[in-house]
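If you're matching them up, the sequences are chains G and H in order.
Each residue of the first sequence is one higher than the last, beginning at 1 in the UniProt record's numbering.
Each residue of the second sequence is one higher than the last, beginning at 1 in the UniProt record's numbering.
Quick caveat, the hints were computed from the structure, so don't treat them as lab data.
There may be inaccurate statements among the hints.
Where chains are identical, the list cannot tell them apart; a pair therefore holds if satisfied intra-copy or between any two copies.
Derived lysine to any residue pairs resembling SDA-like cross-links, with alpha carbons at most 20 Å apart [stated by the list, open to error]:
1. K104 to P321
2. K104 to S51
3. K104 to H301
4. K104 to E343
5. K104 to A318
6. K104 to L361
7. K104 to L310
8. K104 to A41
9. K104 to A9
10. K104 to P224
11. K104 to D77
12. K104 to V267
13. K104 to R299
14. K104 to G125
15. K104 to A303
16. K104 to A213
2 protein chains.
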Amino acid sequence: MNVQPLGLARLVADIEAGLTTPARIIGAAEERIDALDGEIAAFVRRAPAESVAAAIAATGPLAGVPFGVKDIFDTADMATEHGSPLYARHRPVADAALVAMARKAGAAILGKTATTQFASLDPCGTRNPHDISRTPGGSSSGSAAAVAAGMVAGACGSQTGGSVLRPASYCGVAGYKPSFRLLPTVGMKTFAWSLDTAGLFAAGVADVALLAARLTGRDLARAPLADAAGLRIGLYRSSVDALIEPEMQAAWHRAARALEAAGATLVEVAEPAALSAARDVHGAVQNFEAAHALMWEHRTHRAAIAPRVLAQLDEGAAISPADYDAARRTARIGRRTATSLFETVDALLLPSALGAAPEGLGSTGDPALNKLWTLTGNPCVSVPGLTTTAGLPLGISIVTRFGRDAEALAIGALLEARLRA
Amino acid sequence: MNVQPLGLARLVADIEAGLTTPARIIGAAEERIDALDGEIAAFVRRAPAESVAAAIAATGPLAGVPFGVKDIFDTADMATEHGSPLYARHRPVADAALVAMARKAGAAILGKTATTQFASLDPCGTRNPHDISRTPGGSSSGSAAAVAAGMVAGACGSQTGGSVLRPASYCGVAGYKPSFRLLPTVGMKTFAWSLDTAGLFAAGVADVALLAARLTGRDLARAPLADAAGLRIGLYRSSVDALIEPEMQAAWHRAARALEAAGATLVEVAEPAALSAARDVHGAVQNFEAAHALMWEHRTHRAAIAPRVLAQLDEGAAISPADYDAARRTARIGRRTATSLFETVDALLLPSALGAAPEGLGSTGDPALNKLWTLTGNPCVSVPGLTTTAGLPLGISIVTRFGRDAEALAIGALLEARLRA
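Just chain G, with the same shape it has in the complex (with noise of 0.2 Å):
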């Protein structure tokens, strides 16, 4: 399959230079979804044409940007299912908080992207583009995969334990989790409270970073750094590193000696005891808080849900307040060790996924990498541009202090270049 993402940055550049329009852009996009879905299976739904056709007159920073939205996010123009059969055909009375940013900002929502039942790890069907025998990641699949496709040039996705970065990884585009809580989740269906977080994928990082910028309004595409001189990043090893492959071990130091040949200096960084502590209690954390938010699914519906995140729901119901307090403690300890961490490292680099996508679409493949940062609220940016021999993409993260979203954008973006290079 022809993989070629849609560059954000450029395609708003060419608008606003009026080399194109927000018409003959969303147009293409929609050929191309109609041309390779069929095969991917990246969309659950498509908007309707009153709905395409506002877009297309839409203004905004995001006008003409094709843009996928996760089935587990609100639409009042769709259904929302959550890839869950108790809501077929649900439709929302209003829009959730990030589509509505979206919209405002122009942006143009071209259709609901798959997501595994209730963002967990039931695989949902979409198949990867650089191989359509292997799996896109989860929960976000459709959401990476479009991107990936080129359907869209944005997209929003959600992560609980690894559900932006990992799909991002498998499918080579740039992928975004901001600091909690940056992007609000109103709207968006829960599966864990305090590690429910919203996220992005775009084709690069500057992409991502541009899409973020102009969906929030913050401070979030910044000049391209011309060099990494002065800057400190930690090579994070942990004891999950074991089950790194060596593709993506190989992949991880070249980063790291790309950054350090455009003047960064690598430091090792060996995991602390309250971080290994931390991740250890984030399944006692999403369980807890799982059985919790999907209660009402879980008890009257108890046939109609998946056999992973029923397993996660008998699991969460069955843990007490005390210890789910004691969970939380340990998190909030880990909180505080990671914001440590970077009083010595300006960013922590690290593999987004154990290696490749794996093959076959039984599995969306382990979280293992990206569940800590997820717990800690941290910023990650899955960086694209590293492939497996056979030419299977492999993201590489960098995490930066929490708040410090605009440096984890910016380190990666010159991460991408120089990897480009």
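Following the hints, put chain H in place on chain G, whose structure we already have.
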């Protein structure tokens, strides 16, 4: 009007002792709603007959407990309208988490209680059972009034400024605003995600503690304190105190003396500058978040929005992300400062409202004394029992350290018992 709340603890004990049955209690509650609610207008919607029948047959630690649900919490068996014509007849797919927890515990949800529009400040027409010419307070107007009038034994509400503690004070019932996120807000309409706090109402403090304990499985209903020996109680003096009416000043003094007589040491606590600053940014945090949470409503249905909410949304839409971030930093420093207060006192004592329920239905009163503690997330319990010379209720709040909800409830119950003695 004969205002006689239903004691939840007594009711549960009577059912467990076989002295009465859920059917009898629920039937009597329904009759009381039939008899009184034409005048009070606490309910906007009654539960369908099949839900009431299921509730009569339910088992669990709250079996037989008539319960009211503020109409910003989703219910699968009834419409959920958020006090807004935009949501007229809107029927959610699922129960909100707190509603599912209530049903799991066996509580008998008899209907949806009136809320101000989107739980803000525009009055909804509910009357105060102690004087129907007065407001019951808001935004949890119907829940407070329904408990005060004995229509239900417990109810849920929410507080973004002072929407639990103030109506509890005005209506002469116990109100409990837990530590931030102790009760889940999933499926509750969001106004401001870093402030919205689900809370509970019941006749007295021991009742609301038992309700909270049985809803959550947490150790929140401890054995009564024999006395206050060893407790240090801070009389919290802030810049807002000048607004407190003389009869409330006298009630505050009486509550303090009651705890002193029970053995407590009273300590003067002058508001730290960091907490005055935190109170001052409450509006900015709230309105910026509301302008995002309700962006769909604000952008597409401006004419359908009530005037006070609309003013908040307009104000919020004009706040820059940088100003919001600065306000959040001030709030974070406030949270830390609040925690440090409890190094020298066990609890703070302050009025739950500026005075008794104001005359008329044109305003729901002033949350000036509550909103700081919503921003900091500390647990608060409004203790009923005191009145003006004319017999109108006055509530006094106990505030404890974040996470020490059981202590706030225990001290509140002791104060309530001493005031009654």
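Handout entry: Violating hint indices (sorted, rising)
Key = Hints 4, 6, 8, 10, 12 and 14 not satisfied by this model.
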